[in-house]
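Participant: Chains as they are written, first to last, in numbering that gives the first Met the number 0: chain Y, 0 to 442; chain H, 0 to 333; chain E, 0 to 289.
Incorrect hints may have been included.
Claimed, not checked - Sample of chain Y residues with no beta-carbon within 12 Å of chain E, all distances over it, derived:
| no. | residue |
| --- | --- |
| 1 | Ala81 |
| 2 | Ala86 |
| 3 | Ala89 |
| 4 | Pro249 |
| 5 | Ala334 |
Stated by the list, open to error - Quick look at which bits of chain H chain E covers, simulated, 3 or more residues with Cβ under 8 Å:
| no. | stretch |
| --- | --- |
| 6 | 93-102 |
| 7 | 167-173 |
For the record, the hints were derived by calculation from the structure and aren't laboratory data. C-beta atoms are modelled at their ideal positions from N, C-alpha and C, and glycine is treated no differently.
Below, each chain spelled out in residue letters.
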Amino acid sequence: MPGRQSRRSVLAAIAALPLTGTLGACSGSGSGGSGGTSTTTRITFWSAIRGSQEVVDAFNRTHDRVQVDFQQIPSGGQGGYAKLSNAARAGNAPDVATIEYPEVPGFAIDGVASDITSLISDRLRARLLPQSLGLTTFQDRTFSVPLDIEPMVLHYRADLFDRYGLTVPRTWEEFEQTARAVRRKAPDRRLALFPTDGAMNFAAYAWQAGAQWFDTRSGAWNVSLADRPTRHVAAYWQRLIDDDLVFMNPGDSRQFDAQVGNGLILARLTGAWDAGAQMNERPGQRGLWRIAPLPQWDPDRPAVGTHGGSTFAVTKDSRHPEAAMEFIEWQVSHADALRARLSSGASSAYPTVPDLVAVGRDAFDRSYYSDQDIYTLFEEQAHAVRDGWVWGPRMTATSRVMQDGFARASGGEGTIIDSVRDAQAGTMPDLRALGLSTSEHST
Amino acid sequence: MTPSAPATPAVTTAPPNGTTADGSRRVRARDPRKVARRRQLGACGVLMAPFFILLVTVFLIPVGTAVWLSFFSEDQPGLGFGPERTVFVGLRSYAAVLNDPTFLSGLGTVVLYCVIYIPVMVLGALALALLLDSGVVRLRSWAQLGLFLPHAVPGIIAALIWLYLYTPGISPVIEVLGKADITVDFLGVHTVLPSIVNIALWSNLGYNMVIFYAALQAVPREVVEAAVVDGAGPVRAAVQVKTPLVRPSIVMVAMFTFIWSLQLFTEPMLLSQSSPMISSRFSPSMYIYDAAFTRNNYSLAAAAAVVLLICTIALSYGVTRWTSRVNSAEEATR
Amino acid sequence: MRAPDTRGTPLLRPRLLGRSAVNAVVGISVLYTLLPVLWLVLAASKDRDSLFSSDLLSLDGFSFVQNLQDLFAMDGGLYGRWYVNSLLYALLGAAIGALLSVACGYAFDKYHFPHKEKLFGLVLAAVMVPQTVLALPLYLMASEAGVVNTFWSVFIPVLFNPFGVYLGRIFSQGYVPDEVLEAARVDGAGELATYLRVALRMLGPGLVTVFLFQLTAIWNNFFLPMVMLSDQDLYPVSLGLYQWNSSASVSPEYFPVVIMGSLLAVLPLILAFVLLQRFWRSGLTAGAVK
């Protein structure tokens, strides 16, 4: 908050001096006491997560002192983050904002997500999965509360696997053999997609393999996107691409919709959340999909990375941080909140509060997945999430540069590892210009 | 046209400043001229003030702010989670920009764009102007209007039209080429830049042609006829006689085309919605937008903007110096 | 066949072959500039399916009126708002902007004061400064003034038109003889009164030219609204179509409305340029010969 203040006042001093006459009255009013009795606190909440409306309704039904005004906003990459940044710049960010894990450091550095260490009750802290809280805590200060943790899993077409006599791959080596088999047996189909807009997918592969893109030892951002595990993973996927064993196109596109809708793709490598999204988007494929653990490099020492997952932050513009935190705590840890979310039929969020898993298991409608107990699978996988991963301070920009490289690679120019190196080279100037302490490594 | 009618009442309102009688005017001989001068300056000030208020607020202060922002930063030392404080950072942001491969590749893209675009544009517009000026083109003014028309199409819509003409399934161009067994991906790795050049060419060809045409019209006929008498054919007359005479226009068009090219933004921004080959930092202007509004890195954006500004100034200064040197050298040889 | 142009001496007259080659080159160039516009007109009359599948010239899936209705119904009639906004920004902005810059250009021509040419150089320099350089500072200033995401944040910056000052000075030289001013002064007319009652009338055609160029520039404006505005209701057409086009990559029902919207957005300018040919020609000539 004080940081923000300094930026604004400095700009006021230099930019607005000759305009002083017209300035002055610009303090944001409007959000204050909107009707209601003095005992009711109204807070605002922005989210792109499916099922949020149901959760807010359930909260408002059961609470009198705090009432929530909810606004559904586009997902981060579709303009949601730009909207949040703009609002914060204009001084009217919502009380509670939804931020995905990779962007938490960035919004914390920009001062949008405020330090809520002292607001989080010990009770809540004790209930959260430590791996997830670790991703939102820097230098012992917590900037947001995790809602879900999303281990990457393998969603696959059980019917097509049967038709072509394939078994679910348990290792990446088997995955490659399966991919070759699919191409041989059904030349127009592929086992999977390497999404050109999938820096986050690639991050999950690297995370699983033991990469450490960022770390914050000795008080500096140490960056090593092209470390040894990452180079290994990049070489693996490059081989699959070069041998034409996977599709390579954007994942957020009509092309990919058609590939999944027409059964051209046999497997999706995404987070646990995607089970609910799939249910919602393609009701016609009921009963065709199953979920399995992600293939491993070393089955004796299983590990996974996460793909997706959201957190809730109290923004610097919130006038009621305690009320905001009350809502956040209820949202992430109360059984009714999870039930409301799953009742939307569009969510399969895996909660970061382990004692809610049983609630999810009961509330989730399993019929789409032919009664497979996917919450138990998620639970096992969540415990396999490798600890110690750190997201970088400008993750949106880093991913974009990487994805620009992926897109060029799909056009035959450059490789995956080139894209990763470009992403690092395109990130460092940003961090330096922000005045952060940095170092670069390549192992 | 005749000012007398509105002017008469003004005479009766004139007196306040002491021109009561002939006698007094002789006594304070310098005063009326001073008064008139002051009145003129006052009117001049009134006429200029609104524009200059705008100039200061939406031009000078912003440029100053950009320069200021590029030298200062709200630093948070270490990992960046501490409180911000504004510090003077000298050339740090410039160092960051000039070491950023994505910015440099954006500059490279624009240079390559200029290398393709400017010669094609200038030669094309000049050739069309010469053809129209040759006097053999039928329906000359209709042809001019037709060529000029794309300039009335807003840049974003020109880009939209061409985007659709580049999109397989919608585009009749691709369909026709397909029938001839030619497949072109207009938005591929190597084709996307020429595709953008084409949009700019389409928009501006006619505009520049009209400028050249106007300049050619001002060429004295006797000069051309003298050349013809010396035995020059129509092509030689056009290339060797007329073209050198409109060189100032050519230089001006080339320079402005260059300056506008450095600002390349709208077309790639729109095409980037459909082609992953256009990154969010495709051109310097897109880099600045991205740095300021998606990376929230003001000093980096400001430094990049100042670098772009310096390139623009250097370019126009260089061109001006070069032309004046060429001109004086020519005068010396005459 | 018409007789050769009066300007062509018999020696200059090219042979028939050259003549038809010249006409062919010009003809092809005109096709290059006009066909995309024609495509826009044809495509605007197609419904979504025939846009993607059928022959452009066939009448299958003709739905011009339907597309028009869809356009104004889409997203609660946003397009109509955008159109009105564009008209407001462009007509009002160009009118006020042209008046301000021509007044300033006139003053540069008719009055003498110290450092005049240096000041004029500053105005010319402003023509060349990229808008991207100004956008971030303007945004931050508007932010401080609390006018970000308002009509004014776009309207005020577009009034600034240094090229109009340049044109205004040239037109003032050409259209307003100094003797007229002298005569008015002898008659004792006030300077401003002379400008408003005499000079401005003579500058009329020049004013229209500056207005026309500024109208185009504002109608084309994309970068500034994109930076300043987040409220869709304030968008001009250019930014609105940009946004709809991005939606079209996910939901194809936007394609026909984007195409129809583009057509409607182009029409007023094409109309203005066709009807006001005399003016823009004189503007370009003034720029070229100087």
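Participant: If a hint holds in the structure, say so; if it does not, say that too.
Facilitator: Now the hints, each set against the structure:
1. Ala81: violated (8 Å)
2. Ala86: Not fine: 8 Å to the nearest Cβ puts Ala86 (chain Y) too close to chain E.
3. Ala89: Non-interface label fails for Ala89 (chain Y): nearest chain E Cβ at 6 Å, not farther than 12 Å.
4. Pro249: About 9 Å separates Pro249 (chain Y) from the closest Cβ of chain E, which leaves it inside 12 Å; violated.
5. Ala334: holds (35 Å)
6. 93-102: Since three or more residues must qualify, the claim that chain E covers the stretch 93-102 of chain H is violated, with 0 doing so at under 8 Å.
7. 167-173: holds (count 3)
In this structure, the hints that do not hold are numbers 1, 2, 3, 4, 6, in rising order.
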